[in-house]
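As given, the protein sequences belong to chains A and B, one line each in that order.
So for the first sequence, our numbering puts the first residue at 148; every next one is plus one.
So for the second sequence, our numbering puts the first residue at 36; every next one is plus one.
Note that these hints are calculated values from the structure, not bench results.
C-beta: ideal position from N, C-alpha, C; glycine also.
Treat the hints with care, as some may be off.
Unchecked claim - Okay, the calculated beta carbon distance ranges per label pair:
no., chain 1, residue 1, chain 2, residue 2, range
1, A, K378, B, T150, 52 to 58 Å
2, A, V459, B, P128, 41 to 47 Å
3, B, V129, A, T330, 33 to 39 Å
4, B, E130, A, L155, 46 to 52 Å
Unchecked claim - Listed below are the simulated DMTMM-like cross-link pairs for lysine to aspartate or glutamate, each with C-alpha atoms no more than 25 Å apart in a straight line:
no., chain 1, residue 1, chain 2, residue 2
5, A, K365, B, E154
6, A, K491, B, D142
7, B, K152, A, D235
8, A, K491, B, E68
9, A, K491, B, D120
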Amino acid sequence: MATPAHSLSYAGSNFLRQRLVLSTLSGRPVKIRKIRARDDDPGLRDFEASFIRLLDKVTNGSRIEINQTGTTLYYQPGLLYGGSVEHDCSVLRSIGYYLESLLCLAPFMKHPLRIVLRGVTNDQVDPSVDVLKATALPLLKQFGIDGESFELKVLRRGMPPGGGGEVFFSCPVRKVLKPIQLTDPGKIKRIRGMAYSVRVSPQMANRIVDSARSILNKFIPDIYIYTDHMKGVNSGKSPGFGLSLVAETTNGTFLSAELASNPQGQGTAMLPEDLGRNCAKLLLEEIYRGGCVDSTNQSLALLLMTLGQQDVSKVLLGPLSPYTIEFLRHLKSFFQIMFKIETKPCGEELKGGDKVLMTCVGTGFSNLSKTLK
Amino acid sequence: LREDGDLTEAGSCTLETSGALRWKEDLSRKAAEAFLRQQQTTPNLRKLIYGAVAEDDEKEDDAAEELGGLFRVSRPSRECRHKADSVDCSRFPVETPHDWDLEEVMDSIRDCFVTGKWEDDK
């Protein structure tokens with residue numbers, strides 16, 4: 148069916164997720180060569196193999212070929228099927244790694260996706276489940292993906308290296324997405340947060356809260372940081388603590404920041420006070436960058452704009468992250484969509500750094516696999 | 036001796052055409068200013084994003100060409116190589132953190148909050 152001419156070819160293990168996600172959505176096969184070809188331990192890692200297995204579970208009829216050393220991957224996407232799925236994620240990366248891609252795919256399934264993911268809920272590398280819940284879900288709602296079945300729940304918390312966390316995610320399907328016009332982020336009206344601790348003293352969370360508040364209180368009085376101390380089997384297999392902070396604006400923009408403690412046995416012990424203060428400063432950095440979408444969700448917003456109806460969508464972003472820049476290039480090769488990019492200098496206002504206004508016309512993508520009722 | 040000659044030459048030059056050559060005077064400063072201005076407005080983001088992509092494709096084709104039908108030139112082409120196998124992560128780490136204890140740094144985001152100054156039309 149698909150000739151080699153239609154498949155896109157890339158090299159290297161970086162951006163693997165976005166390549167496979169865009170391949171699935173566009174239906175174009177993709178070939179990735181030279182995956183860690185020069186590395187002492189060449190080929191795909193466990194967490195990437197786990198990601199490919201997850202893609203295989205949520206699609207129907209995908210063809211995946213990996214060579215013996217794991218340095219070349221050929222992926223011919225099938226149809227997005229969805230339904231009830233369970234998946235054990237690798238503990239090398241957090242569930243956020245897998246969830247980010249599922250957030251891109253879930254609205255376009257044949258059957259609404261209901262998935263249980265097991266593994267690490269919070270680590271230092273990927274956006275945590277808490278942050279995605281607080282920022283990506285409201286973003287999807289802007290595109291008309293909503294309903295009571297739209298939820299993301301942390302059932303058990305698991306920290307690296309042991310993991311043992313569990314997350315439930317369910318998302319309704321949509322035939323078409325609404326175009327968005329997010330050009331004014333509004334002003335920050337409140338800051339919410341979640342300080343969590345597992346298998347350490349519950350007092351850790353309180354110490355984090357106090358130190359984070361000491362910095363943020365200089366800007367706004369409406370701050371509430373929940374403490375979450377899970378016990379017993381719900382606390383996973385490794386000790387740890389951390390904080391995620393979210394600033395909400397009057398126009399429904401959510402900017403986030405987070406920090407987690409060093410995994411057990413790696414690095415030096417971290418004081419909860421330092422973690423709280425540093426995380427608060429990271430939130431201030433994110434506010435300085437600004438925009439209507441926070442830096443981790445830039446690519447999700449741009450993807451859903453591309454897949455919208457044939458109408459103009461606009462979004463104001465902070466500086467583009469390297470991940471987003473590569474994503475824009477991929478959007479061009481998979482969907483032939485180029486964004487109009489305008490720099491908006493901030494001028495006299497005290498609103499942080501320069502912003503970028505991204506404009507595009509949607510491809511008029513519609514979810515053909517969705518069953519009509 | 037040579038130094039003297041140079042000096043007089045330069046001197047005579049400015050004397051003769053002082054008016055006409057005024058624009059040349061602080062050329063390097065102007066260039067520096069223009070450069071900084073460009074840097075600040077992050078010049079052509081579109082070119083940065085999409086322009087580089089066209090180049091990438093060409094490079095890829097070149098690398099695939101074989102020499103003499105037997106050997107292939109193996110060169111780690113451009114900086115894109117070193118990031119090709121780096122960590123696949125959507126987070127955007129802060130490279131140069133601000134010092135948030137300073138009053139003026141704190142003031143730079145003051146108006147992002149409801150407690151800050153509002154525009155006239157709101």
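A/V459 paired with B/P128, Cβ distance criterion 41 to 47 Å: At roughly 32 Å between Cβ atoms, B/P128 and A/V459 fall outside 41 to 47 Å, so the hint is violated.
Pairwise hint evaluation, B/E68 against A/K491, where the allowed Cα distance is 25 Å at most: Within the cut-off at roughly 20 Å; holds.
Agreement of A/K491 and B/D142 with the hint, judged by alpha carbon distance not exceeding 25 Å: Status holds; Cα separation ~20 Å.
Holds or violated: B/K152 to A/D235, with C-alpha atoms at most 25 Å apart: violated, 49 Å
Whether the CB-CB distance between A/K378 and B/T150 falls inside 52 to 58 Å: Because 38 Å falls outside the window, the suggested range is violated.
Restraint status (C-alpha distance of A/K491 to B/D120 at most 25 Å): Answer violated: A/K491 to B/D120 is near 33 Å, above 25 Å.
Straight-line alpha-carbon gap A/K365 to B/E154, limit 25 Å: holds, 22 Å
Whether the CB-CB distance between B/V129 and A/T330 falls inside 33 to 39 Å: violated, 25 Å
Hint check for A/L155 and B/E130 - Cβ pair distance inside 46 to 52 Å: violated, 31 Å
Violation of the numbered hints given earlier is confined to hints 1, 2, 3, 4, 7, 9; the remaining hints are satisfied by the structure.
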